[in-house]
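Novice: Now for the letters of each chain:
2 protein chains.
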Amino acid sequence: MGAKGAYDTIRTLKNAVPAGLLSLCNSAHKSQPYFRERNIMGLEFDEHLIAKLAAIVGDEQVRTDSQSAAIYGIDWTRVYQPAPGAVVLPKTVEQVQALVQLAIAENLAIVASGGRTGLSGGAVAARGELLIALDNLNGMRDFNAIDRTVVCGAGVITEQLQNFAEQEGLFYPVDFASSGSSQIGGNISTNAGGIKVIRYGMTRDWVAGLKVVTGNGQLLDLNKGLKKNNAGYDLRQLFIGGEGTLGIVVEATMQLCRPPVDLSVLVLGVSDMSAIMDVLNTYQNKLDLTAFEFFSERALQKVIAHGDLNRPFETPAEYYALLEFEQISADTEELAMTLFEHCVEQGWVVDGVVSQSTAQLKNLWRLREDISETISRWMPYKNDISVLPSRVPDFLLNVESVVNQQYPDFEIIWFGHIGDGNVHLNILKPDDLAMDEFQQRCDVVSKQVFAIVEAYDGSVSAEHGVGLLKKDYLSYTRSKEEIDLMKQIKTVFDPRGIMNPGKIFD
Amino acid sequence: MGAKGAYDTIRTLKNAVPAGLLSLCNSAHKSQPYFRERNIMGLEFDEHLIAKLAAIVGDEQVRTDSQSAAIYGIDWTRVYQPAPGAVVLPKTVEQVQALVQLAIAENLAIVASGGRTGLSGGAVAARGELLIALDNLNGMRDFNAIDRTVVCGAGVITEQLQNFAEQEGLFYPVDFASSGSSQIGGNISTNAGGIKVIRYGMTRDWVAGLKVVTGNGQLLDLNKGLKKNNAGYDLRQLFIGGEGTLGIVVEATMQLCRPPVDLSVLVLGVSDMSAIMDVLNTYQNKLDLTAFEFFSERALQKVIAHGDLNRPFETPAEYYALLEFEQISADTEELAMTLFEHCVEQGWVVDGVVSQSTAQLKNLWRLREDISETISRWMPYKNDISVLPSRVPDFLLNVESVVNQQYPDFEIIWFGHIGDGNVHLNILKPDDLAMDEFQQRCDVVSKQVFAIVEAYDGSVSAEHGVGLLKKDYLSYTRSKEEIDLMKQIKTVFDPRGIMNPGKIFD
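Quick note, the sequences are listed as chains E and C, same order.
My numbering puts the first residue of the first sequence at 1, with every later residue one more than the last.
My numbering puts the first residue of the second sequence at 1, with every later residue one more than the last.
If you're looking for bench data, these hints aren't it; they were derived computationally from the structure.
Please read these numbers as outputs of a predicted model, since none were measured by experiment.
Built from N, CA and C at the ideal position, the CB exists for glycine as well.
Mixed in with the good hints there might be a few duds.
Below, simulated DSSO-like cross-link-like pairs (lysine-lysine); rule was C-alpha separation at most 27 Å, straight line [unchecked claim]:
(1) C:224 / C:196
(2) C:362 / C:196
(3) C:196 / E:224
(4) E:196 / E:91
(5) C:480 / C:382
(6) E:480 / C:224
(7) C:224 / E:447
(8) C:429 / C:480
(9) E:382 / C:429
(10) E:447 / E:480
(11) E:224 / C:429
(12) E:196 / C:480
Quick look at which bits of chain C chain E covers, simulated, 3 or more residues with Cβ under 8 Å [claimed, not checked]:
(13) 77-90
(14) 98-104
(15) 137-146
(16) 326-339
(17) 380-388
(18) 459-468
(19) 473-479
Just the calculated beta-carbon pair ranges, DEER-fashion [as the list claims (entries may be wrong)]:
(20) C:143 / E:159: 35 to 43 Å
(21) C:140 / E:488: 31 to 39 Å
(22) E:92 / C:488: 23 to 31 Å
(23) E:166 / C:316: 36 to 44 Å
(24) E:55 / C:472: 53 to 61 Å
(25) E:58 / C:402: 41 to 49 Å
Bound-form chain E, shown alone (with noise of 0.2 Å):
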């Protein structure tokens, strides 16, 4: 094995951590600095800690060379520098609890990782930390179809969890772009969403049990799939969105859902942004939208441009709207066409089409799923924020009026989840303008879109999490009093601030 070997990039990481870091780890518990110098400075661990770490997981499941480093240390954000002391992947809850207990002895910070597809840096390790893998947690067990709940170690793959639903006839629904590699445990512990949302909700609607090592070294066996259980406070719920920072998720009692039947898509050009929510009204009050997303029409050019798909239909709209629903009957079709009578009556709807296959279905469904990919060559800034469904017209115009008085040459693209209120704001890169100065602009529109996300009493993270990204904004969405009473409760569950530490707030 290579366990005993060093990173070569942590040694030349070493002078590069910046100078913060120390005073950054102290603010949380001034009297007791627990980062040992080999942790937070990026020093390699040592023989003996190695020993002991290999002692609970074995020699093969310690990694500590440069490679491991740079898969297992960061996430999808690629904006920070991995540098993990070592990478260990346990195979059991009990490893996992062995290993906090040793990081409580030795005064290491942990940080626990996924699928590692997090959008905040949320599962960074870029200080030396610990980081736990919990790839090698990935057994599924207990299935019970009466109870529609099976359990799965924490590093059960989403996609894995969607296809053994699908065997056994049920659905598990939350679904996002990264299904294929990110991890129900940090799933969990980032409360995804995704383009489900509308009807099934987040993550948290489907973590029936949880079991979770503390930064206590505690293991917690919370819920046990209970549908109802009013027994205290449902202690569930903070490791839920919690980023790793309360303790690990190690297994989860997840559930199921009847499949949907007979989706069909359709997608609307829309005369303005107030319309799509007129549209929204109207459809949700008499069908259960599976999907709501929208677009722009730069968005949509983009798309085209880029791939083989056709554009939906000639008329052009400045916005589209793609709704998802079930053809539960063969009612259902007539009356998404009434409504979408009514829709082009009032002027909302210009022109739509609808699915009439599933290939037309998937295709359809690309226009809106293509964009991130699309967009990538442009290095486009991003945000994922949320204001009131009923706000977003207003806000979006706010946001394009600041920008484009600032930066008339960058190019705005919009899509997102509009029916929750959730829209992805991306900024392209113009050609000409070099990435440093780019991304100098773009920290300065930050600033101005937080604060307008504030005045509109929105969300600086709406489904992405805060991790290392956001947390210097975390104080545009909640006030100085939620933030001090999430820290006291940082304390209840690690009180020595082993856990994931700099993440979501100092």
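Fit chain C to the known structure of chain E by using the hints.
Specialist: Coordinates of chain C only, in the frame set by chain E:
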């Protein structure tokens, strides 16, 4: 006003307060006894304090007469003697905050009370507490058709919200026997469930935003109605089901939804308990059931003997399942009938009826809903417990066997929300047994039932909360570590221990 008069009941209660109370209150915060003698010992509030309360809420809204104490100081448990120190009825959020700040300054324990329909003593003020009744915070505002939300004061009656939703062409789906008097703030504080949980979830799922006044006197505005907000820990979740021990719910943004269309009810006679689960499984995989309830033949016999209802069909069955679903289209009833035939072929179902009109639907529902009132003449021992749905049949047999063995003369009546694994155990008092003796025996039964609940990984309180009634049994469902963590979380929000002390845990 009668505010200056002291409770006669409290005076006589003074000597009746159990000696254990003082140590009970001190156990949480040994270093700082927070009850003044007048508060814990049930002495009258002195004139200075009454004047301070009146300065906040006005003379008319401070009550110290015995009738107000009797009305506002208890819930539906009826086993505790109401003895608040004073009752205040604030009219605004600001007044509630000022009252909490006064309580902090004066070291007064607070009990918040809503519709007082709780069944666990969570809103009981039996120890001279300051009782803050939220009845006057009963305004509704800021309805938004697109967001489908409305902001409710804590004192809004459940039925008031249901009716409001109906007027707007929408639906508030949390429904239960006490909807005509329970209040939204109380529903949230107990995470109320009811008869539609299988489709619509608990109250937790309908709280888009929450304003609370913590034990620190802080006013928190949690989540602001957003559909998606992953910006740090979701503190809102702690107050939902927190039973007023962390703070007082003063206002909530409630989510509404599309109303169900053309509901139908099936009542099926089933051969045995495990067959009920096969029926559930068969139907839930094809239809979105809005309810799946059950009751026993004994329960049915009582209801038929008591009133004006007929048996749904003549074929006898040991248990009955009541299923409700939307007639989304003409196909739905056909599907329901096909599934019914399948269940009969499998030997699970012996007979059944389906409603053909709203009147029939209501009468079929009454077979289930009239049980509680019907059996009330036997002063039943009641328990609200849950296990995984798949384990209900075994669990019921186990409980019956233990009770029958010990007390063969006890008659057991089962009913409940079996689709959620939530059963209500009722044991009727034999007519020739004295109440005292019955209660003593039931205490023995309780411990045995909770031991079985524990063995089945179930909950000692599925939907009624813990309050005073079940706090001694919390450890049958929650581990020592969980309870310790809950106590620490209470300390974060309520460091002085003034919020509903002695509820959930000591």
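Novice: Give a verdict on every hint.
Specialist: Hints versus structure:
For the hint linking residue 224 of chain C to residue 196 of chain C, the alpha-carbon distance of about 26 Å falls within 27 Å, and the restraint holds. This hinted pair checks out: residue 362 of chain C and residue 196 of chain C have alpha carbons roughly 15 Å apart, not beyond 27 Å. For the given pair, residue 196 of chain C sits about 22 Å from residue 224 of chain E by alpha-carbon distance, which is consistent with the 27 Å threshold. Proposed proximity of residue 196 of chain E and residue 91 of chain E is contradicted: the alpha carbons are some 32 Å apart, above 27 Å.
Restraint check: the Cα-Cα separation between residue 480 of chain C and residue 382 of chain C comes to about 26 Å, which is no more than 27 Å; the hinted pair holds. Note on residue 480 of chain E and residue 224 of chain C: the hinted pairing holds, with a Cα-Cα distance of about 15 Å set against a maximum of 27 Å. Pair hint residue 224 of chain C plus residue 447 of chain E holds up; C-alpha atoms about 21 Å apart against a cutoff of 27 Å. For the hint linking residue 429 of chain C to residue 480 of chain C, the alpha-carbon distance of about 34 Å lies beyond 27 Å, and the restraint is violated.
Taking the CA atoms of residue 382 of chain E and residue 429 of chain C, the gap is near 66 Å; set against the 27 Å cutoff, the hint is violated. A hinted pair counts as satisfied when its Cα atoms are at most 27 Å apart, and residue 447 of chain E with residue 480 of chain E qualifies at roughly 18 Å. Between residue 224 of chain E and residue 429 of chain C, the direct Cα distance comes to roughly 33 Å. Violation of the 27 Å bound is thereby established for this hinted pair. Among the hinted pairs, residue 196 of chain E with residue 480 of chain C is inconsistent with the structure: their alpha-carbon atoms are about 38 Å apart, more than 27 Å.
Counting residues of the stretch 77-90 of chain C whose C-beta sits closer than 8 Å to any C-beta of chain E gives 0, which falls short of three, so the coverage hint is violated. Remark: the stretch 98-104 of chain C is not confirmed as covered by chain E, as 0 of its residues place a Cβ nearer than 8 Å to a Cβ of that chain, below the required three. Counting residues of the stretch 137-146 of chain C whose CB falls under 8 Å from any CB of chain E gives 3; the rule of at least 3 is met. Look at the stretch 326-339 of chain C against chain E: 5 of its residues bring a Cβ nearer than 8 Å to a Cβ of that chain, three or more, so the hint holds.
Counting residues of the stretch 380-388 of chain C whose C-beta sits closer than 8 Å to any C-beta of chain E gives 3, which meets the bar of three, so the coverage hint holds. Coverage of the stretch 459-468 of chain C by chain E holds [criterion: at least 3 residues with CB-CB distance below 8 Å; count 8]. Three residues within the 8 Å Cβ limit are the bar, and the stretch 473-479 of chain C against chain E gives 4, so the coverage statement holds. For residue 143 of chain C and residue 159 of chain E, the Cβ-Cβ distance of about 40 Å falls inside the hinted range of 35 to 43 Å, so the restraint holds.
For residue 140 of chain C and residue 488 of chain E, the hinted distance range of 31 to 39 Å is satisfied, since their beta carbons lie about 33 Å from each other. In this structure, residue 92 of chain E and residue 488 of chain C meet the distance hint of 23 to 31 Å, their C-beta atoms being roughly 28 Å apart. The supplied range of 36 to 44 Å is met by residue 166 of chain E and residue 316 of chain C, whose beta-carbon atoms lie about 41 Å from each other. Hint check: residue 55 of chain E to residue 472 of chain C, Cβ distance near 43 Å, so the stated range 53 to 61 Å is violated.
Taking the beta carbon of each, residue 58 of chain E and residue 402 of chain C are about 46 Å apart, inside 41 to 49 Å as hinted.
Figure legend: structure checked against the earlier numbered hints; hints not met, in rising order: 4, 8, 9, 11, 12, 13, 14, 24.
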